[in-house]
Amino acid sequence: KAGVTQTPRYLIKTRGQQVTLSCSPISGHRSVSWYQQTPGQGLQFLFEYFSETQRNKGNFPGRFSGRQFSNSRSEMNVSTLELGDSALYLCASSPSGGPTANEQFFGPGTRLTVL
Amino acid sequence: LAKTTQPISMDSYEGQEVNITCSHNNIATNDYITWYQQFPSQGPRFIIQGYKTKVTNEVASLFIPADRKSSTLSLPRVSLSDTAVYYCLVGLPMDSSYKLIFGSGTRLLVRP
Chain A
243 KAGVTQTPRY LIKTRGQQVT LSCSPISGHR SVSWYQQTPG QGLQFLFEYF
293 SETQRNKGNF PGRFSGRQFS NSRSEMNVST LELGDSALYL CASSPSGGPT
343 ANEQFFGPGT RLTVL
Chain B
79 LAKTTQPISM DSYEGQEVNI TCSHNNIATN DYITWYQQFP SQGPRFIIQG
129 YKTKVTNEVA SLFIPADRKS STLSLPRVSL SDTAVYYCLV GLPMDSSYKL
179 IFGSGTRLLV RP
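Residue numbers (the numbering used here), protein chains in the order written: chain A, 243 to 357; chain B, 79 to 190.
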């Protein structure tokens with residue numbers, strides 16, 4: 243069974259631009275969560291989607307948004323990029339329960355650099 | 079302020095048992111405590127999950143006291159390949175909302 247895939251793997255943007263990251267969960271998984279990882283702040287939860295609905299969200303500004311499609315694939319968007327948005331963005335999927343109810347399977351991440 | 083506390087780093091030798099503790103001042107009633115392992119340039123990988131008392135699988139044990147304000151990940155007989163960063167994950171109620179928190183991570187170095 244294929245694992246969680248994320249595209250693109252690397253991305254370079256400039257301040258003020260917007261970016262869309264994509265995540266394909268493991269087949270049959272309906273919960274998709276997104277995380278930001280930086281050396282200074284560590285792993286931080288962005289949001290979780292289940293059956294195309296946002297079920298839980300972290301404490302990030304509205305510039306960070308996401309969505310989930312009927313096939314469970316998910317995208318996250320960051321608008322008006324800031325230098326501090328440079329990070330590794332990780333996607334994780336699980337069968338149905340949320341991050342604290344089930345084992346999550348993480349993708350390799352998208353490394354975003356904002357110049 | 080909702081937070082978790084883990085040791086920043088730990089050193090061990092091959093074959094020893096390693097215990098890593100994660101402390102949190104509160105935890106959502108119905109949530110599990112989960113531990114992940116992360117190698118450089120990879121996403122975290124699930125190790126173990128538990129609700130209370132003790133859970134054991136083929137790679138680790140997890141001890142959770144009755145008050146659920148901490149958990150201890152136990153890695154028996156570590157090897158060089160266990161050198162990684164270990165994170166706890168908990169859900170913490172905060173005011174009228176709920177916050178999903180990863181610990182700051184414990185960097186484990188296993189020496190020959």
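Think of the hints as simulated: they come from the structure by calculation, not from any bench.
Note that the structure is a prediction, hence the values are computed from the model and not measured.
Think of the CB as a built atom: it goes at the ideal place given N, C-alpha and C, for glycine as much as any other residue.
Warning: the hint list may mix true and false statements.
What the hints assert, rightly or not - A short, non-exhaustive set of chain B residues, derived as facing chain A with CB atoms under 7 Å:
1. D109
2. Y110
3. F124
4. G128
5. G169
6. P171
7. F180
Review point. Failing hints, ascending?
Key: 4, 6
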